[in-house]
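**Q** Based on the provided sequences and hints, a complete structural model is requested.
So for the sequence shown, my numbering puts the first residue at 2; every next one is plus one.
It is possible that part of the hints are untrue.
[Stated by the list, open to error] Dumping the calculated SDA-like pairs for lysine to any residue here, alpha-carbon to alpha-carbon at most 20 Å:
1) K8 with A32
2) K8 with N26
3) K51 with A66
4) K8 with K51
[Claimed, not checked] Quick list of the computed label-pair ranges, beta carbon to beta carbon:
5) I5 with K51: 16 to 26 Å
6) S27 with P64: 50 to 60 Å
7) E68 with K8: 20 to 30 Å
8) E57 with S3: 17 to 27 Å
9) E29 with D73: 11 to 21 Å
10) L56 with D4: 27 to 37 Å
11) K48 with S25: 26 to 36 Å
12) S3 with Y72: 36 to 46 Å
13) D21 with V71: 51 to 61 Å
14) K51 with D74: 21 to 31 Å
15) D4 with N26: 27 to 37 Å
16) E68 with E43: 28 to 38 Å
17) Y59 with S25: 17 to 27 Å
What the hints contain is simulated information worked out from the structure, not anything from laboratory work. Ideal placement from N, C-alpha and C gives every residue a C-beta, glycine not left out.
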Amino acid sequence: MSDIQEKIEQELQEAREVCDVSGSNSAECAAAWDAVEELQAEASHQKQTKPKNSLEVYCDENPEAAECRVYDD
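**A** Rendered as structure tokens:
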């Protein structure tokens, strides 16, 4: 998760620089801020994924266990 936070910080800095150079109403400025928003949305999405319960963790580590069998209907 820290990688995406670092990337957000980089994109924020780049967006500020682009907007300072090309103006706040330019297409380049808008595109730079869109990139920041996309990264922030991805970070938010990653936080929303629910953690695995103990059975899911066990089955990841022991897929051959009887408790972890999946039957097709």
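**Q** If a hint holds in the structure, say so; if it doesn't, say that too.
**A** Each hint, compared with the structure:
Taking the CA atoms of K8 and A32, the gap is about 16 Å. The hint holds against a cut of 20 Å. For a cut-off of 20 Å, the pair hint linking K8 to N26 is broken: about 24 Å separates their Cα positions. About 23 Å separates the Cα atoms of K51 and A66, which puts this hinted pair outside 20 Å; it is violated. Proximity of K8 to K51 is assessed by CA-CA distance (about 23 Å); at most 20 Å being required, the pair is judged violated.
Here the CB-CB span from I5 to K51 is close to 18 Å, well matched to the stated 16 to 26 Å. Hint check: S27 to P64, Cβ distance near 53 Å, so the stated range 50 to 60 Å holds. At roughly 39 Å, the beta carbons of E68 and K8 sit outside the given window of 20 to 30 Å. The beta-carbon spacing between E57 and S3, approximately 24 Å, falls within the hinted interval of 17 to 27 Å.
Roughly 52 Å separates the CB atoms of E29 and D73, a value that falls outside the hinted 11 to 21 Å. Separated by about 29 Å at the C-beta atoms, L56 and D4 satisfy the suggested range of 27 to 37 Å. Between K48 and S25 the beta carbons are some 30 Å apart, a value that agrees with the proposed interval 26 to 36 Å. Between S3 and Y72 the Cβ separation comes to about 40 Å, which falls inside the hinted range of 36 to 46 Å.
Hint check: D21 to V71, Cβ distance near 55 Å, so the stated range 51 to 61 Å holds. For the hinted restraint 21 to 31 Å between K51 and D74, the CB-CB distance of approximately 25 Å keeps it satisfied. A beta carbon spacing of about 32 Å between D4 and N26 agrees with the range 27 to 37 Å that was offered as a hint. About 34 Å separates the C-beta atoms of E68 and E43, a value consistent with the hinted range of 28 to 38 Å.
Under the hint 17 to 27 Å, the C-beta atoms of Y59 and S25, about 53 Å apart, miss the expected range.
The earlier numbered hints that this structure contradicts are 2, 3, 4, 7, 9 and 17.
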